[in-house]
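S.K.: The chain contents come next:
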Amino acid sequence: MLNQIINTMKKLASLFLIPAVIISLVAFRPVAGKLVSKNAHINFFSHTSVEDITANNYKVVSTLETSTGDLAFSVPMQSFEFEKALMQEHFNSGNFLDTKKFPKAKFDGKITNISTVNFSQDGVYEVDVTGNMTIKETTKPVNTKGTITIKGGKVNGSTKFNLVLAEYGIAFKKGKPSTNIAKEIEVKVNADYLSE
Amino acid sequence: MKAKKIVKVGLIVFVVGALAAGAIVIYLFNKPHRDVQNTDIDFKSNASDLVAEYLSDPTKANEKYLDEEGNSKIMAVTGKVHSVTKDMNNQFVVLLKEESDKAGVSCTFSAATNSSAEKISVGQMITIKGVIRSGAGYDADLDLYEDVVIEKSDVITEN
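Protein sequence lines, in the order shown, are assigned to chains A and B.
Going left to right, the first sequence walks through residues 1 to 196 as the numbering used here numbers them.
Going left to right, the second sequence walks through residues 197 to 355 as the numbering used here numbers them.
Don't read these hints as lab results, they were simulated from the structure.
Since the structure is predicted, the reported quantities are computational estimates derived from the model, not experimental observations.
In this text, a Cβ means the ideal position worked out from N, Cα and C, and glycines have one as well.
Possibly wrong hints are sitting among the right ones.
[Unchecked claim] Far from chain B by the CB rule (all over 10 Å, computed), these chain A residues:
1) 39
2) 47
3) 48
4) 67
5) 79
6) 92
7) 113
8) 150
9) 165
10) 167
[Unchecked claim] Below, computed lysine-lysine pairings styled on BS3-like, alpha-carbon distance capped at 25 Å:
11) B:227 to A:84
12) B:298 to A:100
13) A:110 to A:34
14) A:106 to B:260
15) A:151 to B:282
16) B:260 to A:136
17) B:256 to A:136
18) A:188 to A:84
19) B:240 to A:101
20) A:100 to A:176
21) A:160 to A:136
22) B:298 to A:34
The shape of chain B in the complex, shown without the other chains (with noise of 0.2 Å):
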């Protein structure tokens, strides 16, 4: 009697274990992107100083801001309107740049923020909203400076 009850008391605890295995792989296998506009802001700068930043040592500007899994750092980047252009997946870019700057911070935005860079002109003074992706650098190969990338972007008034 008592054996028995060990034996269906561990079935019961094998089962709801497996089921709850199970739950979380399919979970895990079909999580959601992160929703980088509901997620807290880990870094305030100006593309002035964020450029300036990535030209001195980009070495270490990746050990801050970008992430092994690719969730790298929501940034909160403020600067002047150099462009706004449209991408091939037809979402706006907006380049925020300073003249004098060897390189800006390339804002791409994303289907569900596109309406608010409508209203983006050039010469404004703006904070974007985003996902670093790659920061930015001379290339050789390119010969010309490459902007920081910032995706998943939306304008956010500043508090």
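Just chain A, with the same shape it has in the complex (with noise of 0.2 Å):
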């Protein structure tokens, strides 16, 4: 009598068990190899006494493997969108980053801590970011802290750091300009990515 309840116990079980597991393999198939974002969002923001300036850009794409970390974004300049239409020129201008000669910025470099993030476990990882970020033709190391955020199989990256525009080879000696944008600007990333 007791064997026979056993019995159906253990085939009532792997009935459930086995939708179970094909379910599970399905929801949560971790998204793994290269990643790739075409919906992203860069802000770039400049805080002086006398005037805060901000701009968007929703046109950059980026690219993450998960199993090495190698991190890439491309940044098409003139997509940047500024409240003023006269600040907008300037930043595009000769002057200032020359968009229609360099028409991209570039990141190239590596999450190092990738090992900590589980792909197929929703959760919320920090992660160190090291690499070349690439403006007009000038290349430097950028060290930061980000984060990546698995929801529902669903990958995110963000970041903040600040950007010394000086180091690119962007300053100015003299009017407006000089006084009215910072020495530093903060830049905040916001990426979605998606299996290739």
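Starting from the two chains in their separate frames, assemble the complex, guided by the hints.
M.R.: Structure follows, in structure tokens:
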């Protein structure tokens, strides 16, 4: 009698177990390999006592290799939008970012502690990012902290860091820009990744 | 008497001049963004040709399409709709791309034009007008082909 009950329970358990395993395999299929983001946002903010200036870019492309942590960004510079048309024109012009000659800024680097991120488990993971940023003709190292958020199989990456304009040969000696643009600007990055 | 008159006229000219200069400065500082949809089309192309032009000679293409102050050429691009998505600013993004092409033309709509993107379906042939921001090309760091970027887009009917 008792054996019969145990057997029935085992059968029932396996009946439930098989679909459960299938569902979990489908639902929690880990995102792995090369991830691509074509839905990202970069914002920069410059604060001086005279003026606050901000610009937004929604045409950023990024890739993240989950096995190695390789991380790259490509930023079309003419896609930065400012509140004032004149500021946008100055930003693009030859004196500033010369976007006709240098249409894209690049970041090529790595998440050095990528092994701490479990891409198959929901969570918020603090990561270390290191790499090289190229703006106009100048390449400089960038080290920053970032956050990888895994939620329902979706991967989001975000970071915030400061950038010293003069390091990239963007300097103003006189006139309005020298007083109205901060020497150091804050850059915020937010990217949603999908499997390639 | 004559000297007084000269001074008077001189003063008036100076004040009027100063006011005009001030008005121009204020206008320039606050001038609105270019209204892309109400600006004439500079170039008509189909998505495949535009991508091919960039892949064969990006420097020449940038010279042709990009403007030094960011007021780059207004394009009318015809192509097959590959995908319709939304960006983080809630703007529709329509990718015009032929299956056989390495890259496409990624057209971002705006708050003002979003409603016309809602009716677009995948596979459709359409013409999109917008401003070009950057070209297509292979990026070694990303290890993929980037699309041509068009913004302030709207669907137009070709004449």
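S.K.: All the hints need checking, so say for each whether the structure fits it.
M.R.: Evaluation of the provided hints:
1. 39: Incorrect as stated: the minimum Cβ-Cβ distance to chain B is 6 Å, not above 10 Å.
2. 47: holds, 19 Å
3. 48: Holds, because the least Cβ-Cβ distance between residue 48 of chain A and chain B comes to about 16 Å, which exceeds 10 Å.
4. 67: Its Cβ never comes within 10 Å of chain B, the nearest being 14 Å, so this holds.
5. 79: violated, 5 Å
6. 92: violated, 3 Å
7. 113: The assertion about residue 113 of chain A holds, with a minimum of 20 Å to chain B.
8. 150: holds, 18 Å
9. 165: holds, 18 Å
10. 167: Per Cβ check, residue 167 of chain A is outside 10 Å of chain B; nearest 20 Å; holds.
11. B:227 to A:84: This hinted pair holds, its Cα atoms lying about 7 Å apart.
12. B:298 to A:100: holds, 24 Å
13. A:110 to A:34: holds, 13 Å
14. A:106 to B:260: holds, 23 Å
15. A:151 to B:282: Distance ~19 Å between residue 151 of chain A and residue 282 of chain B Cα, so the pair holds.
16. B:260 to A:136: At roughly 20 Å apart (the allowed maximum being 25 Å), residue 136 of chain A and residue 260 of chain B satisfy the hint.
17. B:256 to A:136: Answer holds: residue 256 of chain B to residue 136 of chain A is near 18 Å, not above 25 Å.
18. A:188 to A:84: holds, 20 Å
19. B:240 to A:101: holds, 23 Å
20. A:100 to A:176: holds, 23 Å
21. A:160 to A:136: Within the cut-off at roughly 21 Å; holds.
22. B:298 to A:34: Distance ~18 Å between residue 298 of chain B and residue 34 of chain A Cα, so the pair holds.
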